[in-house]
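Protein chains: 2
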Amino acid sequence: MSILLKNVTLNNQKTDILIKNNYFEKITPDINQPADKVLDCQNLAILPAFYNCHSHAPMSIFRGISDDKNLFDWLNNDIWPREAKLTEDMIYTATKFSILEMIKTGTVFFSDMYFGMSAMIQAVADMGIRSALSCGALDLFDSQKRQNEIKQIRDFFEMPNPNPDLIQKTLSIHAVYSVSKELIRYNVDMAKEHQTYLHIHACETKKEVDDCWRDNGCSPIQYLDMLGALSDKTILAHSVWLDDKDIDILAEKGVWLCTNPSSNYKLNSGVFMLQKLLDKGCKITLGTDGAASNNSLNMMTEMKLCALSAKIQADNPTAGNAQDVFKIATQNGAKAFGLNAGEIAEGKLADCILVDLKNHFLTPNYNLISNMVYSADSSCIDTVICNGQILMQNHFIDGEEDLIDQIQQFSRKMI
Amino acid sequence: MSILLKNVTLNNQKTDILIKNNYFEKITPDINQPADKVLDCQNLAILPAFYNCHSHAPMSIFRGISDDKNLFDWLNNDIWPREAKLTEDMIYTATKFSILEMIKTGTVFFSDMYFGMSAMIQAVADMGIRSALSCGALDLFDSQKRQNEIKQIRDFFEMPNPNPDLIQKTLSIHAVYSVSKELIRYNVDMAKEHQTYLHIHACETKKEVDDCWRDNGCSPIQYLDMLGALSDKTILAHSVWLDDKDIDILAEKGVWLCTNPSSNYKLNSGVFMLQKLLDKGCKITLGTDGAASNNSLNMMTEMKLCALSAKIQADNPTAGNAQDVFKIATQNGAKAFGLNAGEIAEGKLADCILVDLKNHFLTPNYNLISNMVYSADSSCIDTVICNGQILMQNHFIDGEEDLIDQIQQFSRKMI
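Sequence lines, in order, name chains A and B. Going by numbering that gives the first Met the number 0, the letters in the first sequence line up with residues 0 to 414, in that order. Going by numbering that gives the first Met the number 0, the letters in the second sequence line up with residues 0 to 414, in that order.
Chain A on its own, in the form it takes in the complex (with noise of 0.2 Å):
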């Protein structure tokens, strides 16, 4: 498959741009070569694509069922009793339906941390996306229950892999609250023998901080660290509660932090300090955590609320930049997750966007990357190339309106 892309804008100037074997195989004007498609882009910027570092994608079924309560009443009464009654059908169409809502809004790739594998596999290699998934280690220090985990995770890393090019499989971890230090070893050792990524929610509450240094002396990055866990293919989901030492060890073992800034003020968990972090030299990247608590699995959304907030934060209207912002969404989502994508270059892998100049939220047209951190939305996003294949062309993904339909009617099984 190749595209040829015709006078689309990059950087403010016109070129052409071949894409051939996934990748970018060419860059500059005038290209003559035949290509399978050719896409007029005279009114369309390409820009890198999104790359969504947190998310729980199955939740988006669960999307308005229950808002503005503390976390725990959320969990207990209204989120983990319909997890209970999830089947691998729902899971299998409620990932598909997220996925469709991530490319809607410019993302081809997501790191994902849930249950019901098989099903999900299957909707990420349907969907066309790239993506990291993990079944969620969680066993409440019970032993049982831990030798249940195991044999998921097991089940999951032999299960046969239907994309290998566009699916990583990855561990994670749920919590140092909620999962023993034999599960966090076991997760630890899988990674290192598997020689892939370990997704970790870690210091999303002050109240897991405090818990943490009464029952282990310790601050959870401390004991992440104690236990093997920290490395530069290391992912830690929030990260909102960190103290100088943590900020040290994340800095010098070169742990990808992932902020969730929706989803921290919506659970009203706490403000990533996104300036000081970058200032230490931390590794950053953005995600949405899942739609029941966000509640739209939108990375332009995001990137607005990370560089809104990073200014209040820091006290400081300089903080979180727009550019930085959009690298955050963009290059270092696919740094964290060993993939050479995330920019548009020769040789680099074909993700992209294709965004629409004549859109009005784009207009005018002084600083494309500050029109997509601070006004755009997905109206914006004209098409969406995953590994050279287009996933979304003028606005439109096949079987979109019975992927809908379908969580209709799921979602009645739910209230």
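Among the hints, a few may not be true.
Pairs count within a copy or across copies, as identical chains cannot be separated in the list.
Here are the simulated EDC-like cross-link-like pairs (lysine to aspartate or glutamate), alpha carbons at most 16 Å apart as the crow flies [what the hints assert, rightly or not]:
| hint | residue 1 | residue 2 |
| --- | --- | --- |
| 1 | 279 | 242 |
| 2 | 150 | 181 |
| 3 | 25 | 157 |
| 4 | 252 | 224 |
| 5 | 13 | 355 |
| 6 | 357 | 401 |
In short, the hints are calculated from the structure, not lab data.
Please build the complex by placing chain B on the supplied structure of chain A, with the hints as guidance.
Using the frame of chain A, we list chain B on its own:
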């Protein structure tokens, strides 16, 4: 003009709605009266439209020209020198362009403070939206400037109003740090004389409050109260830095506050105390501020940030709930400006949006209000009706492309 909405969803029930003579005339299933236009609303829900209570519409021409800066650097070096270059033509076109974005995002009314009033009033009339326009009084304590401002305000009030059904002429005071007592009193008197509204930037930054105490021995709220500027026809924009005495005065006088969360975050002005003010009985509306400091005019983005920010500010995830915030963005805005609108009910002015229930952001549909506040974007808004006239149908607004081209051309003169 009459419009019949067939099979529209209102509060989770299907109904028909007849709009006649600018009002919702009849709301009941199976209306069989003739109408000038009949809309099949099978997959659409009707909701109140948004009332944007603080904006500077022409500033959309500066969107993205300067971001992530300190307020005074931004104003002195990037905004004010460019405002001096604005022609009547530019103000006319930029106002229309802003109204285009407002309609696209479901807004039918905006309260504005700017200059170039003859261009602005014509732009509003030509786009068919509601507006409360005011010429932002600002004399920097200079008597020469004061005379000029008074002349401009008089001229504005003498100017013909091309559509008095939609457009209200109102008064505004830039701020206590930029307007003399004399000019404040002049505006207060004019507002009383014309029985209209008074729109003021108040307590936006901590510096404004500190300086007012230093210069006047009281807070900006007390200072405005002393000058007779506070009543239930006063709308205070921002109102971030309030003390308990201020809050008591505002509640007692029935003053309307207008929160502008994106702008307050972006310029690091501070965080509005939404829940505390609601609990104290203050009356709240929502606005976008200008697109130079937001950078969009999207009330859905503002609702989400308003609700999220309230939780962190109050350290309580139940603060700023979706229902309250939706009411603030709709019904309250209409009430603040004396409009018999903001609700879908017989006898109310026919302002509404029709949202697409087949849009992924509104799926599942457990709670449409939650979906509108926490998930929706402009792709959800199918149709906008203002005063019984269709301003947008099936996402389409007449003249959209030309307007965008014109702004792009004008923007080249701003670099």
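So, going through the hints one by one against the coordinates:
| no. | hint | result |
| --- | --- | --- |
| 1 | 279 with 242 | within (12 Å within a copy, 36 Å between copies) |
| 2 | 150 with 181 | within (14 Å within a copy, 78 Å between copies) |
| 3 | 25 with 157 | neither (38 Å within a copy, 63 Å between copies) |
| 4 | 252 with 224 | within (9 Å within a copy, 57 Å between copies) |
| 5 | 13 with 355 | within (14 Å within a copy, 36 Å between copies) |
| 6 | 357 with 401 | between (30 Å within a copy, 10 Å between copies) |
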